[in-house]
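Undergrad: Sequence:
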Amino acid sequence: MTAPVEKEIIQEADAIKAAASGADAVSSEGGEAVPPTRALGARGGSRGPIRGRSPRGGGRGRAPRERGEFDQVTVDARRVARVMAGGRRFNFSLVVIIGDKKGRVGVGLGKAIDTALAIDKATRDAKRHLITVPRTASGSISHQVFAKYASSTVEIIPSKGRGLVAGSAVRTVLDLAGVTDVVTKIHTRSKNKLTIARATVAALQKLHSA
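So for the sequence shown, our numbering puts the first residue at 34; every next one is plus one.
Rather than coming from a laboratory, the hints here were simulated on the basis of the structure.
It is possible that some hints are incorrect.
As the list claims (entries may be wrong) - What follows is a set of in silico ranges between Cβ atoms, one per label pair, in the way DEER data are often shown: (1) H220 to D147: 16 to 24 Å; (2) G120 to K193: 53 to 61 Å; (3) G211 to A118: 15 to 23 Å; (4) H220 to E102: 42 to 50 Å; (5) I190 to T148: 34 to 42 Å; (6) A114 to D153: 43 to 51 Å; (7) S223 to A114: 15 to 23 Å; (8) P167 to E102: 35 to 43 Å; (9) T165 to G120: 44 to 52 Å; (10) S184 to R112: 17 to 25 Å.
As the list claims (entries may be wrong) - Listed below are the simulated BS3-like cross-link pairs for lysine-lysine, each with C-alpha atoms no more than 25 Å apart in a straight line: (11) K218 to K154; (12) K193 to K160; (13) K134 to K181; (14) K160 to K239; (15) K193 to K218; (16) K224 to K181; (17) K144 to K226; (18) K134 to K154; (19) K154 to K224; (20) K193 to K224; (21) K239 to K135; (22) K134 to K226; (23) K181 to K226; (24) K135 to K193.
Note that beta-carbon positions come from the ideal geometry of N, C-alpha and C, so glycine has one too.
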């Protein structure tokens, strides 16, 4: 290799080294190298506040739920089975009693594969069978009554100053109807709360105006 060619190669190598050292010097003077700023709208950049969303913690200021017209009590809940061609099908059977404690009361039965749906059906059934109970000024009844439904017989006797002396579903029906100062008797060995509740309602329907 001739001397002029070797000299040119050496000069090119020196120039490359000088350029590299100059770039290192520039980056070392400013500390860490700063990445180029991304253009607006490029992915991966810092995002500003999202439109249409409020900051957390503010709350929505929901109004409290209003109390319903009737009080509601579930007195019996059972799981029942029906034998079908493909096997047994299980449902829930619920007895619901509703009342406003001002003289109106109703008993309903609901069956469904889900408890919430069964309660809804029972509540609607109770509303369809609402009755109005004639009461005295003190909240009692004017005279003694009794009634029978299926195998259950219920007797209701007015008793001044005694309060509500009752048990089982009879107490629930009378309490939701707003009846007090009575003594009750259940003439049955059955513990079926549906028949007891309906016997109580049947007895209340025999009351004359107070």
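Undergrad: If a hint holds in the structure, say so; if it doesn't, say that too.
TA: Comparing the hints with the structure gives:
no.	hint	result
1	H220 to D147: 16 to 24 Å	violated (36 Å)
2	G120 to K193: 53 to 61 Å	holds (57 Å)
3	G211 to A118: 15 to 23 Å	violated (48 Å)
4	H220 to E102: 42 to 50 Å	violated (33 Å)
5	I190 to T148: 34 to 42 Å	holds (36 Å)
6	A114 to D153: 43 to 51 Å	violated (21 Å)
7	S223 to A114: 15 to 23 Å	holds (21 Å)
8	P167 to E102: 35 to 43 Å	violated (20 Å)
9	T165 to G120: 44 to 52 Å	holds (45 Å)
10	S184 to R112: 17 to 25 Å	holds (22 Å)
11	K218 to K154	violated (30 Å)
12	K193 to K160	violated (30 Å)
13	K134 to K181	holds (24 Å)
14	K160 to K239	holds (20 Å)
15	K193 to K218	holds (16 Å)
16	K224 to K181	holds (14 Å)
17	K144 to K226	holds (15 Å)
18	K134 to K154	holds (22 Å)
19	K154 to K224	holds (23 Å)
20	K193 to K224	violated (28 Å)
21	K239 to K135	holds (18 Å)
22	K134 to K226	holds (20 Å)
23	K181 to K226	holds (13 Å)
24	K135 to K193	holds (19 Å)
The structure does not agree with the numbered hints 1, 3, 4, 6, 8, 11, 12, 20 stated previously, though it agrees with the rest.
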